[in-house]
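Heads up: the protein sequence lines correspond to chains U and A, in order. First residue of the first sequence: 1, per the working numbering; consecutive thereafter. First residue of the second sequence: 1001, per the working numbering; consecutive thereafter.
Calculated from the structure, these hints are not laboratory results. Some hints here could point you the wrong way.
Covered stretches of chain U (chain A as the covering partner; in silico rule of three or more C-beta atoms under 8 Å from a C-beta of chain A) [claimed, not checked]:
# : region
1 : 130-136
2 : 140-153
3 : 383-397
Some chain U residues flagged as far from chain A (calculated, every beta-carbon gap over 12 Å) [said to hold, decoys possible]:
#  : residue
4  : K23
5  : K33
6  : E39
7  : H86
8  : G92
9  : P244
10 : R245
11 : Q400
12 : H404
13 : A504
14 : K544
Here are the simulated DSBU-like cross-link-like pairs (lysine-lysine), alpha carbons at most 30 Å apart as the crow flies [stated by the list, open to error]:
#  : chain 1 : residue 1 : chain 2 : residue 2
15 : A       : K1099     : U       : K144
16 : A       : K1099     : U       : K467
17 : A       : K1105     : U       : K467
18 : A       : K1081     : U       : K144
19 : A       : K1099     : U       : K111
20 : A       : K1083     : U       : K144
21 : A       : K1099     : U       : K472
We put the CB at the ideal spot given by N, CA and C, even for glycine.
Spelled out from the first residue to the last, the chains are:
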Amino acid sequence: MRTGGQKEKAKVKAKRQKAPDIKKAYETWKRNKYSRALEACVPPTAFTTVSGRMIKELYTPADLPRFDFLRDLSFPGEYPFTRGIHPTMHRGRLWTMRQFSGFGTAEDTNKRYKYLLAHGQTGLSVAFHLPTLMGIDSDHPLAKGEVGKCGVAIDSLADMEVLFSGLPLDKVTTSMTINAPAAILWAMYIAVAEKQGVSPKVISGTIQNDILKEYIAQKTFVFPPRPSMKLIVDTFEYGAKEVPRWNTISISGYHIREAGATAVQELAFTLRDGIEYVIWGLERGLEIDEFAPRLSYFFNSHSDFFEEIAKFRAARVIWAEVMRNRFGARDPRSWWLRFHTQTSGVSLMAQQPYNNVVRVAIQALAAVLGGTQSLHTNSLDETFALPSEDAVTIALRTQQILAHESGAANTIDPLGGSYFIETLTKEMAGEAKDYIKKIDDMGGMVRAIELGFPQKEIADSAYWYQKAVDAKEKIVVGVNAFEMEHEPIPLLEIDESVGRQQLARLRSVKKSREKAAVKMTLSDLKKAARDERNLMPYLLKCVKAYATLGEIMEALKDVYGEYEEPVTF
Amino acid sequence: MPKKKIRVLVAKPGLDGHDRGAKVICRALRDAGMEVIYTGLRRTPEEIVNAAIQEDADLIGLSILSGAHPILFPRIIGLLKEKGAEDIPVIAGGIIPEKDVPRMKKAGIREIFLPGTSTRDIVGWIREHIEKGGRKR
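Please model the complete structure; the sequences and the hints are all you need to start from.
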């Protein structure tokens, strides 16, 4: 039997095992055991992540020479929040299961929302069709063939009323993926809530409203960067006073990653975008602790399991440091990096599409272990089309299996303290900070975008990856290895009748509204834009008069102009 | 006389901003020794056809992920015919459901490259089908 004294001795001995000793022992092991044994194995392969990061054969305390538990890791809910922003994390409350969804007309999507809520989904997430994302109406020439295809068609408040009919906006929270025209769609949501008798003070949800990543990656921009940033700060200012439970921005790495960025580029460009929004908010004269707690983030969860988990942890640490030290925020809620995660769309393959269920499950597990606040799991058929009901059900069930069967939510930050995870977290944070510094030196993110810097970095990474796949240096199951014929799977189809229905509704809205009110609210809006006032109250008046999205955007284009992207590849 | 390089117009019709694939293709074709002209995003069928004629393109490559291909592809083919430029072959890639492929080929798209196609296969197809220094007439 071990005695207390022996335990004490063991402790002292363990303490004496300093990093240099471990480093020496590790090097001896690598030379005498590992390398020799490896010679007898298959020809050497480069062990790299999907982002091209070299991974060592083994991680030990020697990789973390000055690691300090209380300083670097600490406890959940305590600075620097490596282990999570809340003391209870998923034990206190599971992540929100929020499937991004929208297609066809507002009626079609309203039905899908009711289906998802009936099957255990806990929040709504609206996917708009491309004309809405671009701020044009369904009857615009460029909208031909696009109506209801990539999301739900919303042209005016009338569509929005149908979209949320029978959904109590005081109970359900809603995320809206909308950027260039975000302030207008938000105004429509507030107006629908008011019609339901729900005060703006109690509604809760998120608008994506992140224009910087549009110039960098997703490309659904309309106005030039500077007036776009002005409009975003308007929503911060208005939200802080009038819609206090709303997240006025979801600073998004998702699209940056999908466009080809590495994990570190996603981390760095996204956080630098966040810093840019804070700088513009402060320049408006807002108090940091007044608006920072409403900033939220949105990351990608890609296929490289450990790299993704480390990325989420590093993001929390960098943001906490930036908010506390660089901006002097005092409210701990300003230090929290709250984030939504979506599994990686580009990682899904058209070949043998049922394999995508497995990819999604691994990516979703990484998000959970990384401490996400909400999660969208992609459906297996999303390389072809918007998801069918069966496919979206499997995607939702994947989250429920993770939550209730896998045990992943039983303890907080289960991989914390792993030599590998802690080393990756530290390395990725360091590399991201170097990028952030580089962009600071350029004069900020708006300037970096004007110079084409993040765009070029991402295009380079995307091309590197494609070449690696073409050369089979990166194996993609079913695509460049283990190929097999497969039968086509059933897909959701949006037929062209959706376009006709939507055009009919748009015509009837335009006919039945009070024309003078439309004209007056639009002209007031333009004047307010010229006078650089906060536009939210004016936008609310426009949408309530049933001015269409396209009409409102046209009025603003007259004042702000339109962005022309420099064409490069 | 040195052989003329193959000139490819890479175009993005439709409203989507997903240009990762188009840009990767542009670079791969350029690295394979072709001349590449990229239109940028959200070009109308008219703009694409006019650019192809003005640039004297040997080939048009369309990339679209928005789902509007059933409307836009036939429109582009129709405009090429109207302008007497139907000898410029058109190929396409992006999110195009397999079941739409026969219909799009019937409309006049020469080849459709589905997700997962290697850039080498696309380069190979172009070398095989497009004569150096001019269109196949």
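Hints, verified against the model:
1. 130-136: holds (count 4)
2. 140-153: holds (count 8)
3. 383-397: Our answer is that it holds, as 3 residues pass the Cβ test (under 8 Å) against chain A, meeting three.
4. K23: It holds; K23(U) is separated from chain A by about 42 Å at its closest Cβ, greater than 12 Å.
5. K33: holds (39 Å)
6. E39: Holds: least Cβ distance 33 Å, greater than 12 Å.
7. H86: H86(U) clear of chain A: closest Cβ-Cβ about 35 Å, beyond 12 Å.
8. G92: holds (38 Å)
9. P244: holds (33 Å)
10. R245: Given that every Cβ of chain A is farther than 12 Å from that of R245(U), nearest at about 31 Å, it holds.
11. Q400: holds (28 Å)
12. H404: holds (33 Å)
13. A504: Non-interface label on A504(U) holds, nearest chain A Cβ at 18 Å vs cutoff 12 Å.
14. K544: holds (27 Å)
15. K1099(A) / K144(U): holds (21 Å)
16. K1099(A) / K467(U): Holds, at about 29 Å.
17. K1105(A) / K467(U): holds (28 Å)
18. K1081(A) / K144(U): Status holds; Cα separation ~21 Å.
19. K1099(A) / K111(U): Cα-Cα ~27 Å, so holds.
20. K1083(A) / K144(U): holds (22 Å)
21. K1099(A) / K472(U): holds (29 Å)
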